[in-house]
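Engineer: Listed here are the chains, written in short residue letters.
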Amino acid sequence: MIGGAIMRLIRSHLGVRGGLLAGLLAGASCLLPGNGEAVAADLPARTDGALLPRDSTDAAVFRGGLVYANYCVTCHGINADGNGRAARLHNPRPSNLRASDKNDSYINLIVRRGGEAIGRSPRMPPWGEELTDEQIGDVVAFVRSVNVRQP
Amino acid sequence: MRILHNTVLAALALLSLPALAAQEHVVAQKDKAFTTKTLSIKAGDKVSFRNDDSFSHNIFSLTDAMPFDLGTYGSGQVKTVVFAKPGKFEIECAIHPDMRMMIDVAP
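These protein sequence lines map, in sequence, to chains A and B. Each residue of the first sequence is one higher than the one before, counting from 1 in my numbering. Each residue of the second sequence is one higher than the one before, counting from 1 in my numbering.
If we strip away everything but chain A, and leave its shape as in the complex, we get (with noise of 0.2 Å):
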């Protein structure tokens, strides 16, 4: 149920039926409480009640996929390479995440400051007034999960 209503928000907003995010969205939602029924019948039974634990990466990637399909994906596209439907509006172009050589320290400054404050482009807005402390780095996860030139 909350999958499906994940994937419809994602459709609704950005127009799109594939794509990384999607796709990764697709898969964690049968992990979802919603789906319950559908994990039961495939996987053992489990005692502690967590599919995920919540400090763990895959949860903090996995909230962080939400909050950048929310939030970050009109300018930097549903493939995380900086083409999203508002890209054109702005030179120089949303940074292609998945090339991004910064590390996550400058990633979570850079969220929650905005460019401006940092050197780098204005049109980057600065979501620490939006966003929670766990919200950013959460989505410094993803950005970090989604990047190609990890080793």
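Calculated from the structure, these hints are not laboratory results. Hints are not guaranteed to be accurate.
Claimed, not checked - Footprint (simulated), chain B over chain A, 3 or more residues, beta carbon under 8 Å: (1) 67 to 75; (2) 88 to 97; (3) 120 to 134.
What you are looking at is a predicted structure, and each value in this text was computed from that prediction instead of being measured. In this text, a Cβ means the ideal position worked out from N, Cα and C, and glycines have one as well.
Add chain B to chain A, keeping to what the hints say.
Structural biologist: Same frame as chain A, now just chain B:
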């Protein structure tokens, strides 16, 4: 003399028509929403987007007739757009994806 006087007055009236016709409209952003969902204006009118929230907004439109991006601006600030071309403009906020409104610009 009287005919000349009337002609001059008529010419002045015609010259001043565009200035009189162009109006300024104000759309505020409050509680992560536009204060109106739709707005009907005429080509040449101005719309001022005023941030009445305590945090930033970033108003933009991807409408082909006149795409624009006002950038990020903080509480109390106002950014103005002249809608020179007719059409239907979807207005959004880059920071708050649920914020959307339509401006219908008549010729």
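Engineer: Sort out which numbered hints this structure fails and list those numbers smallest first.
Structural biologist: none
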